[in-house]
Amino acid sequence: MYDILVIKEGYTKPMKRGLLEAGGSITLLKGPKNIIVDTGSPWDKDLLLSGLQDHDLCPDKIDYVICTHGHSDHVGNLNLFPSSCLVVSYDICHRDRYTVHDFAQGIPFEIDDFVEIWPTPGHTGADVSVVVRGTQLGTVAVTGDLFEHLDDLEDPEIWQSTSERPELQQQSRIDILRVADYIVPGHGPMFKVPLEFRKQMRMVMMHDEYYEEASGEGITSTVSQSQCIIVETE
Numbered sequence: 392m393y394d395i396l397v398i399k400e401g402y403t404k405p406m407k408r409g410l411l412e413a414g415g416s417i418t419l420l421k422g423p424k425n426i427i428v429d430t431g432s433p434w435d436k437d438l439l440l441s442g443l444q445d446h447d448l449c450p451d452k453i454d455y456v457i458c459t460h461g462h463s464d465h466v467g468n469l470n471l472f473p474s475s476c477l478v479v480s481y482d483i484c485h486r487d488r489y490t491v492h493d494f495a496q497g498i499p500f501e502i503d504d505f506v507e508i509w510p511t512p513g514h515t516g517a518d519v520s521v522v523v524r525g526t527q528l529g530t531v532a533v534t535g536d537l538f539e540h541l542d543d544l545e546d547p548e549i550w551q552s553t554s555e556r557p558e559l560q561q562q563s564r565i566d567i568l569r570v571a572d573y574i575v576p577g578h579g580p581m582f583k584v585p586l587e588f589r590k591q592m593r594m595v596m597m598h599d600e601y602y603e604e605a606s607g608e609g610i611t612s613t614v615s616q617s618q619c620i621i622v623e624t625e
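Everything in the sequence shown is counted per the working numbering, starting at 392 for the first residue and increasing by one.
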């Protein structure tokens with residue numbers, strides 16, 4: 392059985408003049424294997440090391456380091472773990488030896504009977520999530536930015552605004568919501584999946600449609616926003 396230990400809770404804080412303050416979550420899975428999911432930014436080095444020390448661990452004792460995708464606030468401390476097996480998006484390696492695994496075909500990578508790495512693309516083209524079964528909380532999914540935080544279940548603009556492939560991300564979100572009791576998102580506290588989203592998974596896609604019209608005064612452009620609600624039940 393694994394313990395789910397959040398070393399750093401991710402966050403986002405809008406600022407003035409188009410700036411955003413953000414930091415990704417860092418999660419320790421402690422059990423038959425010691426696993427870090429996302430390593431934060433380079434400025435999180437001391438926090439990460441002290442978090443490991445709090446649980447009687449050091450980098451050499453970490454078996455796997457899994458980065459859900461390649462953004463800087465998730466991969467910033469990979470260099471602390473030269474002894475670990477590294478999984479970064481769809482790449483799996485130990486030192487210069489790479490394991491060939493076809494995440495692109497939707498095939499999970501099994502670490503042991505409790506932990507699998509699932510391909511969950513959409514935020515980028517090659518995201519992964521870590522699904523942990525049999526914990527005291529039930530099934531926990533550590534998802535990186537597949538889920539930004541709890542509020543994006545009701546407000547799709549939160550996750551769609553940073554999504555490279557929103558339609559693909561939508562399906563990945565549905566796949567996780569089918570199985571997870573709790574989710575550790577990329578930029579918020581761990582949350583329990585609301586019952587209504589386990590029983591009836593509601594996804595909202597926002598589409599902007601642009602029109603141009605010619606008139607005597609020139610060409611005018613208008614924007615129409617449409618909303619498509621997709622409901623998928625158990």
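Calculated directly from the structure, the hints in this document are not laboratory data.
Misleading hints may appear alongside valid ones.
[Stated by the list, open to error] The calculated DSS-like cross-link candidates involving lysine-lysine, where the alpha carbons are at most 25 Å apart (straight line), are:
hint : residue 1 : residue 2
1    : K424      : K404
2    : K404      : K452
3    : K421      : K404
4    : K399      : K436
5    : K399      : K583
[To be verified] Here are the computed distance ranges between Cβ atoms for each label pair:
hint : residue 1 : residue 2 : range
6    : E507      : L438      : 40 to 50 Å
7    : G409      : W434      : 36 to 46 Å
8    : S552      : A495      : 18 to 28 Å
9    : T490      : L528      : 40 to 50 Å
10   : K583      : M392      : 25 to 35 Å
11   : G409      : Q527      : 41 to 51 Å
Glycine is no exception: its CB is placed at the ideal position from the N, C-alpha and C atoms.
To see whether the hints hold, each was checked on the structure:
The hinted pair formed by K424 and K404 fails the criterion: a straight-line CA distance of about 34 Å is larger than 25 Å. Proximity of K404 to K452 is assessed by CA-CA distance (about 33 Å); at most 25 Å being required, the pair is judged violated. Between K421 and K404 the alpha-carbon distance is near 30 Å, which puts this suggested pair outside the 25 Å criterion. Taking the CA atoms of K399 and K436, the gap is near 11 Å; set against the 25 Å cutoff, the hint holds.
For a cut-off of 25 Å, the pair hint linking K399 to K583 stands: about 18 Å separates their Cα positions. Taking the beta carbon of each, E507 and L438 are about 27 Å apart, not inside 40 to 50 Å as hinted. The beta-carbon spacing between G409 and W434, approximately 21 Å, falls outside the hinted interval of 36 to 46 Å. At about 25 Å, the CB distance of S552 to A495 agrees with the hint of 18 to 28 Å.
Taking the beta carbon of each, T490 and L528 are about 29 Å apart, not inside 40 to 50 Å as hinted. Distance hint check for K583 and M392: the Cβ-Cβ separation is about 19 Å, which falls outside the suggested range of 25 to 35 Å. Taking 41 to 51 Å as the suggested C-beta distance range, the pair G409 and Q527 conforms, at roughly 42 Å.
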